[in-house]
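Asks: Following the hints, complete the assembly by docking chain W with the ligand onto the known chain U.
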Amino acid sequence: MIGESTPRPDGDAKARGRFSYTGDLWAPGLLWCVLVRSPHRHARILGVDAGAAYAVPGVRGVVTAADLPAGACHGAIVADRPVLADGVVRFAGEAVAAVAAETLQAARAGAAAVLVSYQPLEPAVDPEHAFAGPPLHPDGNVLRHIALRHGRPVRVRRDGTPVEEVVVEGLYEVPAQYQANPATDAALALPSPDGGVELHVATPYPHADRDQVAECLGLPAGMVRLMPTGAGGSGGSREDVGLTTVVGLLALRTGRPVKAVLDRDESLRAGGHRHAARMKYTHRADRDGRLLAVEAQIILDGGAYAGVSPEVIGRLIGCAAGPYMVPYAAVDAWAVRTNNAPAGAMRGPGAVQVCFAHEAQMDKLADALGMDPVELRLRNALSTGTMLTTGQVLDGPVPVGAALRAVAEAAPPAAPPAPGTLRGTGYAVGLMPLLGIEGADESSTATVRLDGGVVTVTCAAVEVGQGFVTLVRQIVDEVLGVPDAIVLQAGTALPTAGAPGVGRHTWLTAGAVEQAAREIRERLLAPVAARYGMTARLLDVRDGRIRSYDGLIDLPVDVMYEDTATVTTAGACRAPSTEPLDDAGQGNAYPAVAFSACRVVVDLDPELGTIRVVDVTGAYDAGRVLDPAQARVRVESSVAMGVGLALTEDAESVWAPPGPWDVPQVRVAAWIEEPQPGAPFGAKGLGDAAIVPVPAALAAAVRNATGLELPRLPMRPRDVVVD
Amino acid sequence: MDATILMPLSLDEAVDALARDPRALPVAGGTDLMPRVNAELVRPSALVGLAKVADLRRWGYEDGFAMLGAGLTWARLADADLAALVPALAAAANEVGTAQVRAMGTLGGNILASGRPADSLPVLAALEATVSCRSPGGVREVAPHLLEPRSGPIAEQLLRPGELITGVRVPLLRGVQEFVKAPVGAGRYLTLALVAGPVVGDVRCAVGGAHPGPVRAFEAERWLAGRMDARSGRLSDARDAADFGRLVADEVRPEAEQRAARAHLRHVVAVCARRAVQRAFGG
Ligand SMILES: Cc1cc2nc3c(=O)[nH]c(=O)nc-3n(C[C@H](O)[C@H](O)[C@H](O)COP(=O)(O)OP(=O)(O)OC[C@H]3O[C@@H](n4cnc5c(N)ncnc54)[C@H](O)[C@@H]3O)c2cc1C
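Keeping their order, the protein sequence lines are chains U and W. Quick note, the first sequence lines up with residues 1 to 723 if you use my numbering. Quick note, the second sequence lines up with residues 724 to 1006 if you use my numbering.
For reference, chain U alone in the conformation it holds in the complex (with noise of 0.2 angstroms):
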């Protein structure tokens, strides 16, 4: 039932290990696939020598970009990344041979063997070199770069008097985040008698990745069929489609199964990750503290391609002001291109990043103007009706006050400091575009059919461990008084659903569910009610009753099924047009806007520079919990990734994920249900909001007990030392 906890389908088999993800699925006469990886971050490929390969025992195949069509490229927004490294190499770690054999071990001794002889060329690494300097692919290095320019300068006040400015800076950095998804990409391959090829991949986003697939391979998409598998989890990206499409390749080439499973080192170096960022901002506010301007120059690290990069910085920029009415926003944003692994989405695409310095600046402003950093935050507030720096008017609930109040008011943390540790406090709020912006016109299609009172749903929305199937089991609860229907994943034979994340199955895909349920249930009701003269509507379905608002009529739910052997209906669910950002980054380009607010304390160890997050309260502006133990996974997950980027996870170090010790039980200050227009029951997507303000608050904390500035994340222990 919708607002009720329902435990997940796939949560017992994931924690007892007997969950089957991709890398577990065998198929007779198997061979596995390990890739040639690029120890370069730039060189020219003088050639690729796979004789040696061949001479490996096991051995069956090796691929590079000669068995390709000339320019196999892919890409989500542009195709400009080679499925192997076509006379270049532009990132330490980037494809450019595959092997194929019978053994794992044969796969890579073979690997081992193929000869590339690569001369080195300059790598550009510092995104900020990487602008000016020689391009690096024939696109160029400047992804996408969008010049806000809002509103106009306050120089006067009413009474024609000049504003007092309080001015502040700041240079402010994040580095780049690894999702660390508990199983990493994978695919298995199988070729097909029609010459095509079976792909099973975890991919949340099979349509896009078989069109980009059959291209890359020179097949019709018809000949491509790709099966979504168990995802074992998605912090965002999944599933590179170079390394499918090389899967799908030696499967032809050697007419056997082919399966790949990249290993953990592999995964960090393959790209995906969070966008690392470098941030100047200036603020300007008024001497009561109403901010008078926003200006900021934002580079992104796109990597060696462009992924997804033009597509979030089309989300940041709209954030990079904050929750924060902004009479005059300046904001060039970039992403480059650099010989570094591709970036991806994570969480919170380009909204974490800007929080981060969005919320330094308010606490350096408060600081500037002696206030308090809540009552600054409150006084600047965006709320409906107002208009966010791209010109679009927000005509949503937009609770930003009233998350921040709920988790100032909530109760500190009882327990006193730890014995030589300094105590702070921070407070952050985010915002965060959802769904498809600029234009994505996204919709979302599911088949429901009742069969003698089992209900089966059928969508291409993928479950990648967003507790999906979970949902949709609820709304046919909800609806049609079944708990227990079964839930298909349609893959490429139903039209696409678009790639989860940023809210979109719980809003467009669970329409479609809702609105097909509906409709099964107004044709079922309309006999039941006929016979006591009422329409379908006075009816409520209920724990297995069908009930009438004056409970005159109170029958068991399977009277409903009695006479309809089976019914079949389609729902689809689009989301609310939008338009492109014009050059001045102006424009309704988002569908929603979610906002969440944060308070952490933190415990500092002034001398050892350990930090200890005591605790993180959040309120989240979630339109409707449809799932309160779901809502709180994906809060808590989201602290999680939070804390890891924040405090543990050191790019240029041995990778540390967080560990259940770094931490705390999260504590939800209040969930704000003020219902969404347009979204099927009002709910928006959770897990992206919920983590934009984590890093940030986590930061102001530590600033907050020890008066450093600390513009960069991860804040590590030796950063944090106070003599």
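No lab work stands behind these hints: they were computed from the structure. Values in this document were obtained by computation on a predicted structure and should not be read as measured data. Incorrect hints may have been included.
[What the hints assert, rightly or not] Using C-beta positions, here's what the derived DEER-type ranges look like:
# : chain 1 : residue 1 : chain 2 : residue 2 : range
1 : W       : 778       : U       : 115       : 31 to 37 angstroms
2 : U       : 102       : W       : 736       : 31 to 37 angstroms
3 : W       : 758       : U       : 452       : 45 to 51 angstroms
4 : U       : 562       : W       : 772       : 57 to 63 angstroms
5 : W       : 774       : U       : 268       : 31 to 37 angstroms
6 : U       : 708       : W       : 861       : 30 to 36 angstroms
7 : W       : 978       : U       : 606       : 24 to 30 angstroms
No residue lacks a Cβ here, since even glycine has one placed at the ideal position from N, Cα and C.
Replies: Positioned in the frame of chain U, the structure of chain W with the ligand alone reads:
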């Protein structure tokens, strides 16, 4: 993985199984070994499971020593009875990884773990305990504090191929034992164990995480022993603890690639040593 799996029921069977096949490896809790086996970083021909060897999980007294079986888990080492016997080891146990790792990970496995510096080793080095290594030829006692901590993996110095660790012999000491652990970033930790007897002159300190093996600070120990008042056992000066910290850091010289990181590690060693002394001697 195509390794044979053996489950011996006694120490003798286990030792024999290892002696017969030089490429076999024992598995205790598996928390360190199994991830490496699954990633094929090591490819043993056989895995000798130790779970059913009850003798490895025993402990007892033997004239002035406590004998701790190699199969005792971290969780067991933290229990009140063993904590009273070897407080520093229990303190270390309480700070190991997660509850799951404490429930499965063993003392013997920790001594030989290759994933990260073993938290048990500085404690054993400070206690001057010995590790009992058994082969069909007999038992060898190896003292962790006499190894070369700066030269390469400690497991290779400690154990010969085919040997099984049966347990450790820990001298029963009166006096105080302290254990301090501090994260230093990127998943790395420094640990420090301090043992100070009531008899003047008996101070021992070892640092883990700075080098592959536990490093004793012999000179700093002597210096601190000299600062102890003969009758009260107290330190002469309130500043002694901090001075000791600096001496330990100078002697241990932790390693890191970058200069800034190295300076931080030295600072952390000095702070940990000072805190251990303050706790041990008061002040
Ligand atoms: C998440 C996580 C956190 C951790 N945190 C810590 C920490 O905070 N501090 C710390 O010190 N360690 C930590 N570890 C490392 C280590 O896994 C544990 O400390 C544990 O004690 C290892 O013991 P085990 O029984 O699991 O060893 P196993 O994995 O079974 O074995 C490790 C090695 O020892 C050998 N071996 C095991 N028993 C014997 C024996 N009796 N004779 C001869 N050889 C033997 C094995 O062949 C293998 O080479 C952590 C590990 C994980 C996964």
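Asks: Which of the numbered hints above does this structure break?
Replies: 1 and 6
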